[in-house]
Amino acid sequence: MAWFKKTKDIKADKKVKIPEGLWVKCDSCREIIYRKEIDRNLKICPKCNYHFRISARERIKLLVDEGSFVEMDAGLSSDDPLDFRDKISYRDRMEENRVRSGLDEAALYGEATIEGHPVIVVIMDFSFMGGSMGSVVGEKVVRAAEAGIETRRPLITVASSGGARMQEGMFSLMQMARVSAAIGRLTDNGILYLSVLADPTFGGVTASFAMLGDIIIAEPRSLIGFAGPRVIEQTIKQQLPEDFQRAEFLLERGFIDTIVDRKDLKKTVSRIIELLA
Amino acid sequence: MRYYLEFEKPIEELELKIEELRRISDGKDINLSSEVKKLEKKVKDLRTEIFSKLTPWQKTLLARHPDRPYTLDYIPLITEEFVELHGDRRYADDKAVVGGLASMGGNPVVIIGHQKGRGTKERIRRNFGQPHPEGYRKALRLMQLAEKFKRPVITFIDTPGAYPGLGAEERGQAEAIAVNLMEMSRLRVPIISVVIGEGGSGGALALSVGDRLYMLENAVYSVISPEGCAAILLRKEGDLSPEDFSKAADALRLTAGDLLGFRIIDDIIPEPTGGAHRSIEQTAKSISDKILEALEELRPKAPGKLVEERYKRLKRIGSFLGE
Ligand SMILES: [Zn+2]
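So the protein sequences, as listed, match chains A and B. Last residue of the first sequence: 257 in the working numbering, with the numbers rising by one and none dropped. Last residue of the second sequence: 449 in the working numbering, with the numbers rising by one and none dropped.
If you are wondering where the hints come from, they were derived from the structure by calculation, not from laboratory data. A few of these clues could be false.
A short, non-exhaustive set of chain A residues, derived as facing chain B with CB atoms under 8 Å [claimed, not checked]:
1) M154
2) F235
3) T238
Okay, the calculated beta carbon distance ranges per label pair [as the list claims (entries may be wrong)]:
4) B/R442 <-> A/V79: 26 to 34 Å
5) A/G47 <-> B/D393: 47 to 55 Å
6) B/E423 <-> A/F224: 30 to 38 Å
7) B/L271 <-> A/P26: 51 to 59 Å
8) A/Q218 <-> B/R389: 52 to 60 Å
9) B/L366 <-> A/Q218: 22 to 30 Å
10) B/P368 <-> A/I68: 22 to 30 Å
11) A/M52 <-> B/L418: 42 to 50 Å
12) B/L386 <-> A/Q214: 30 to 38 Å
13) B/L386 <-> A/F224: 34 to 42 Å
14) B/E369 <-> A/E46: 33 to 41 Å
15) B/P202 <-> A/I68: 28 to 36 Å
Ideal Cβ placement from N, Cα and C applies to all residues, glycine included.
Modelling step: build the complete structure from the supplied sequences, incorporating the hints.
Okay, structure coming up:
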């Protein structure tokens, strides 16, 4: 599989965070914008509508009713099954990411309400190891799906990920099968599954639960795909079209239901729940 | 002409020498014949020695060996009958995935596998065994056909990965893989998978979710290729060396032995010394025996029980701390 991580140096890293300082250059339209204006605007560029990446905590604030989120199984952590190390050990790398992101893992899940509707939500955070899916992320998605079945609540996932987590080897790859099997059970039980794709969603996450939603919603301009753009460029030896793998491209090709602005996401999700669940 | 990998060079030398001596003696010269016998013993010992301690990177190279048998090489040897079926009924017939109806030891089954090509022209036609979405959708169509007629599904895994190209993305590579993973997890007939060569990430996984997962002794299965892993780890590109790949292959724990230890696969199918291509017949027999044994176990199970056990099997694959 092509790993978005490979493209990290070139495209992704620039967009990971809004850089420090009073002024910010939008990565999409390259306009210089006053930081406070972006913060006031849900981290959306007022000039071009590019949706900057936001943390899982910020996402929760935007998506669910205030104070309704109760995190579940927050304590799960990876056991480093391969005893993996590159320049530093996987354990140290995780610790580094914990300190830097303030998160224990690349996803958190729990119960919440959206405009009063009880739901189970899984929120990914790209700032923890590129949102990569290892055993813990896989386990959280599986448990979230099972909680959805048990409580008969719709499952909402918000993806933002470079793909499977290399440091857990085949354990990571197998999470793709595990989470897909768990999503299959939602269908068997008639539970609504709504998948939201945020910038960027790639590799093993796209090729598993993210693309299996009954309803799939993407944020404007987000990059979504299987193989990372640089890997594809290297393979086909030509430049990719400008809109390639953007949410708008996927909508055009028929792979997502709709593109929704961040400010309208909660309302749209709530409306879909009312109409379906 | 046999193809020899770098680490097989000492074997090549001896084998060429034996051939040469045979040619000269023509079986008549007694002294030469005994020399040949001696060398044959020597090459056998050498092969045993080299192949008893292959590194993960050497196994990766062996799994990609140009003479290694592919799905369509095994099918005639393990089936009495095979009717190949084509196309996904949506877009195209992907030549990197083959499949059809077969009879194995009297059991009607559906066989699906990745297919690499041999020789430049055929390799390109098979896209080096890298499927497009239509390959995965063709596989799913055949699996659903198997389900309708209550036929077990046998899959052979041998791909560097799903193809990372423009058309593949446009036609939903990720969606095709995801749907296969989900549908295979709930298919109401037995699914038995054998990794016969390269298990390349999601593109391999999309044909290998099932009730039994076996690997040939020298097959590899990994979340990322050693080359890709090395490029990420060393943060450089272009001038990576075989030593870099070797380190990455070690770190990834991608051999059959590793994965059996992790209980990610169910068993290892032995290969002849020197690799599957040294005796396709022998390898095919071992594969066939294993599949028939698994069929015996799985066939009596009611569909509901089968699917439930498959889910439990998947669920236990994870490595984390905490409740
Ligand atoms: Zn902008």
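Comparing the hints with the structure gives:
For the restraint placing A/M154 at the interface with chain B, the shortest Cβ-Cβ distance is roughly 4 Å, inside the 8 Å limit, so the hint holds. Annotation: A/F235 was flagged as interfacial toward chain B, and the flag holds, the nearest CB pair being 5 Å apart, inside 8 Å. Interface restraint check for A/T238: the shortest CB-CB distance to chain B comes to about 16 Å, outside 8 Å, so the restraint is violated. Hint check: B/R442 to A/V79, Cβ distance near 31 Å, so the stated range 26 to 34 Å holds.
For A/G47 and B/D393, the hinted distance range of 47 to 55 Å is satisfied, since their beta carbons lie about 52 Å from each other. Remark: the range hint 30 to 38 Å for B/E423 to A/F224 is contradicted by a beta-carbon distance near 47 Å. In this structure the hint that B/L271 and A/P26 lie 51 to 59 Å apart at CB holds, the actual value being about 53 Å. As the Cβ distance of A/Q218 to B/R389 is approximately 43 Å, the hint placing it in 52 to 60 Å is violated.
Checked against the hint of 22 to 30 Å, the C-beta distance between B/L366 and A/Q218 comes to roughly 24 Å, which is consistent with it. B/P368 and A/I68 have their C-beta atoms about 24 Å apart, which keeps the hinted 22 to 30 Å range intact. Checking the proposed 42 to 50 Å range against A/M52 and B/L418 shows it holds: the Cβ atoms sit about 45 Å from each other. As the Cβ distance of B/L386 to A/Q214 is approximately 34 Å, the hint placing it in 30 to 38 Å holds.
Look at B/L386 against A/F224: about 41 Å separates their beta carbons, and that is inside 34 to 42 Å. As the Cβ distance of B/E369 to A/E46 is approximately 55 Å, the hint placing it in 33 to 41 Å is violated. Checking the proposed 28 to 36 Å range against B/P202 and A/I68 shows it is violated: the Cβ atoms sit about 51 Å from each other.
Violated hints for the displayed structure, listed by number in ascending order: 3, 6, 8, 14 and 15.
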